[in-house]
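Novice: Listed below, chain by chain, are the residues.
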Amino acid sequence: MKYINEFRDKETADKLADDIRKAASGLDRQITLMEVCGTHTMAIYRYGIRSMIPKSIKLVSGPGCPVCVTPINYVDTAVEIAAQPNVAITTFGDMVRVPGSRSTLQKERSSGKEIRVVYSPLDAVALAKENPAKEVVFLGVGFETTAPLIACSILEARREGIANYSVLCAHKTMPEPMEVLTSGEIKLDGYICPAHVSAIIGADAYIPVAKKFSMPCVVTGFEPLDILKGLAMLARQAAEGRAEVENEYYRVVKPEGNKKAQQILRQVFVKSDAVWRGLGTIPDSGLAISEEFDKFDASKKFGVTLPEPKENPACICGRILKGLNDPPECRLFGSACTPDNPIGACMVSSEGTCAAAYRYGGYGE
Amino acid sequence: MSSRADLVSLGHGSGGKLTHDLISKTIVPALYGADGAPPMEDSALLTIPGAWLSFTTDSYVVSPWAFPGGNIGDLAFNGTINDLAMSGAIPVALSVGLILEEGFPLADLRTVMRSMGQAARASGVPIVCGDTKVVPHGKADGIFINTSGVGYRPDGVQIHASGARPGDVVIINGTIGDHGIAVMSEREGLRFQSPIQSDTAALHTLARALLDGGVDAHVMRDPTRGGLATTICEIAADSGVAIRLDERAIPMATAVAGACELLGLDPMVVANEGKMVVVTPEKDVEKALAIMRAHPLGKLSAVIGRVEEGRAGRVSSASVVGGERMINMPHGEILPRIC
Numbered sequence: 002m003k004y005i006n007e008f009r010d011k012e013t014a015d016k017l018a019d020d021i022r023k024a025a026s027g028l029d030r031q032i033t034l035m036e037v038c039g040t041h042t043m044a045i046y047r048y049g050i051r052s053m054i055p056k057s058i059k060l061v062s063g064p065g066c067p068v069c070v071t072p073i074n075y076v077d078t079a080v081e082i083a084a085q086p087n088v089a090i091t092t093f094g095d096m097v098r099v100p101g102s103r104s105t106l107q108k109e110r111s112s113g114k115e116i117r118v119v120y121s122p123l124d125a126v127a128l129a130k131e132n133p134a135k136e137v138v139f140l141g142v143g144f145e146t147t148a149p150l151i152a153c154s155i156l157e158a159r160r161e162g163i164a165n166y167s168v169l170c171a172h173k174t175m176p177e178p179m180e181v182l183t184s185g186e187i188k189l190d191g192y193i194c195p196a197h198v199s200a201i202i203g204a205d206a207y208i209p210v211a212k213k214f215s216m217p218c219v220v221t222g223f224e225p226l227d228i229l230k231g232l233a234m235l236a237r238q239a240a241e242g243r244a245e246v247e248n249e250y251y252r253v254v255k256p257e258g259n260k261k262a263q264q265i266l267r268q269v270f271v272k273s274d275a276v277w278r279g280l281g282t283i284p285d286s287g288l289a290i291s292e293e294f295d296k297f298d299a300s301k302k303f304g305v306t307l308p309e310p311k312e313n314p315a316c317i318c319g320r321i322l323k324g325l326n327d328p329p330e331c332r333l334f335g336s337a338c339t340p341d342n343p344i345g346a347c348m349v350s351s352e353g354t355c356a357a358a359y360r361y362g363g364y365g366e
Numbered sequence: 017m018s019s020r021a022d023l024v025s026l027g028h029g030s031g032g033k034l035t036h037d038l039i040s041k042t043i044v045p046a047l048y049g050a051d052g053a054p055p056m057e058d059s060a061l062l063t064i065p066g067a068w069l070s071f072t073t074d075s076y077v078v079s080p081w082a083f084p085g086g087n088i089g090d091l092a093f094n095g096t097i098n099d100l101a102m103s104g105a106i107p108v109a110l111s112v113g114l115i116l117e118e119g120f121p122l123a124d125l126r127t128v129m130r131s132m133g134q135a136a137r138a139s140g141v142p143i144v145c146g147d148t149k150v151v152p153h154g155k156a157d158g159i160f161i162n163t164s165g166v167g168y169r170p171d172g173v174q175i176h177a178s179g180a181r182p183g184d185v186v187i188i189n190g191t192i193g194d195h196g197i198a199v200m201s202e203r204e205g206l207r208f209q210s211p212i213q214s215d216t217a218a219l220h221t222l223a224r225a226l227l228d229g230g231v232d233a234h235v236m237r238d239p240t241r242g243g244l245a246t247t248i249c250e251i252a253a254d255s256g257v258a259i260r261l262d263e264r265a266i267p268m269a270t271a272v273a274g275a276c277e278l279l280g281l282d283p284m285v286v287a288n289e290g291k292m293v294v295v296t297p298e299k300d301v302e303k304a305l306a307i308m309r310a311h312p313l314g315k316l317s318a319v320i321g322r323v324e325e326g327r328a329g330r331v332s333s334a335s336v337v338g339g340e341r342m343i344n345m346p347h348g349e350i351l352p353r354i355c
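As given, the protein sequences belong to chains B and R, one line each in that order.
The numbering of the first sequence is the working numbering, which starts it at 2 and goes up by one.
The numbering of the second sequence is the working numbering, which starts it at 17 and goes up by one.
There is no bait here: all hints are sound.
Residues from chain B that face chain R, not an exhaustive set, calculated with beta carbons under 7 Å: (1) 9; (2) 11; (3) 14; (4) 48; (5) 49; (6) 50; (7) 53; (8) 360; (9) 361.
Hints are computed from structural coordinates only; laboratory data are not their basis.
All residues carry an ideal CB built from backbone N, CA and C; glycine is no exception.
Let's have the full structure, built from the sequences with the hints guiding it.
Specialist: The following block contains the structure:
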């Protein structure tokens, strides 16, 4: 826990909260800051950050939870593949609860389909190696934080000559949705830029957003002191009328990012348009498996393509992902839509905005 | 002598000779050791002093059945003892019902029975009756155990889940999350540098020490499945009060905190099997802490929160950095089948 407790120190937190108040005193209006990473969403709730900052700073959550922005037909496709004989679906934990249009992977598991939660895609490759008669499919979901791992798993499978491993790929990238959100209905005054995504893509990746839209951007770590410091930096930029990329998380994030990981991503994936649940199609905001690695692409291997089904019309996840509404403003929130029975994307993952608001915001009773 | 290759078979559940042999040769010697078993009757006869009979039951399906710091045997014994103890009762006797899956190694059954027997002898509470069934392969997960327990509550003891009053203080007897993380690390094959042991323990002597010491305990609860968050939410709801915790005051082993970081878990919802929450009036806090800290199971006892006026069931907490957050019961599958 050394190197963690240091970033949760109460006295330093009090000092940073003071800095935020001082910076905010220079503001002539309320400012709205958006975080676009699910881990920030959770941390802000878990540490009660909102209660520590002045009312003149409003925090909203953007489309940062990878599970939440994964389209329904992706789950339907996974369910469809799981139904085929001799298939094992492997996935990170959160995906098993995501409701598709008819079922969840959790329900499919209960009915006897082989669906395994793994901690690394390399475990899935090992499973494929041990069971050559079985098709092992990994659900590739997530941003640049997880995508390099999945790319490695594909490279590993090729190196080992494992033909029964494939990835159902729905990877998304930053910062494309940030540009889309900035040009949309919501009036934003700054971005709390993701921590670990930025470790891969680098702090410089946000320069176009900052320049094009005069948008303050601060790359911020996940610990409470990181978040408080990032907020102070954003408030100061807003008060001084600056719009720059600043890097609070410099102990991990470099301006140019992780070149090795970027190279692996380029080797295995190509940029593609992607469907974001609640936001629609965003050009060049996804990763697809490149032709060279075709035989590891589960969507081609199994040839399952399903249309995107309709969402519940009362669900306002799209507006929540854009930061236009807060979870309690949805009439499904907390009544029809709960973590036990999620209707919209934002309630699904523990990192989703609605799930976090429900869990830590006092709506649980 | 049996070897690792000896497995539970369907015949062991037939009720005939094999069943008799399983009980008399495998279960009873392991469970009772040198003490020997009580006579085998259709039911046990108990004498219970006092006016209030306390009666409870619980089933254990933990997977894997063995984990650092214990196994399903001592867990099943201690869990039921604790349910009796938390209502202020003095445990008198327990029953044990086994559901075995065909193919479960007899050596493993012996291990489980031995640790259950050791827990029984250490606690001074006997196991007085039991039952064994065998189900076909695939119909259970190795071994399931049900334990029921009876006890009596002396006159004058008033402990209820609804007993918390504004102004009361919330105390816990030690670190949270140990059991859940021990099981989780075993199940997922996670190897931590310092292995985390389950905290499974029988809490009846600690509970007794508080009551005998004259502590006016309004509520005693053991925060098992669902963790501390669930228990505190239940107490607040049942008592019609609000509770405010201070996260910085909640004891936690460094290894557990680290594992929770790694796994993305909130330690407040991770299971415990040897912890108790005591809600007591301010006037008794020092006395309660002194008694608890003098007990082997309460060395790290600490005040972790206060009962307040407010919306019934509202539980909030000061976060480690001083921010204010709400605490809810966890939803759905967090750590499946951990007790």
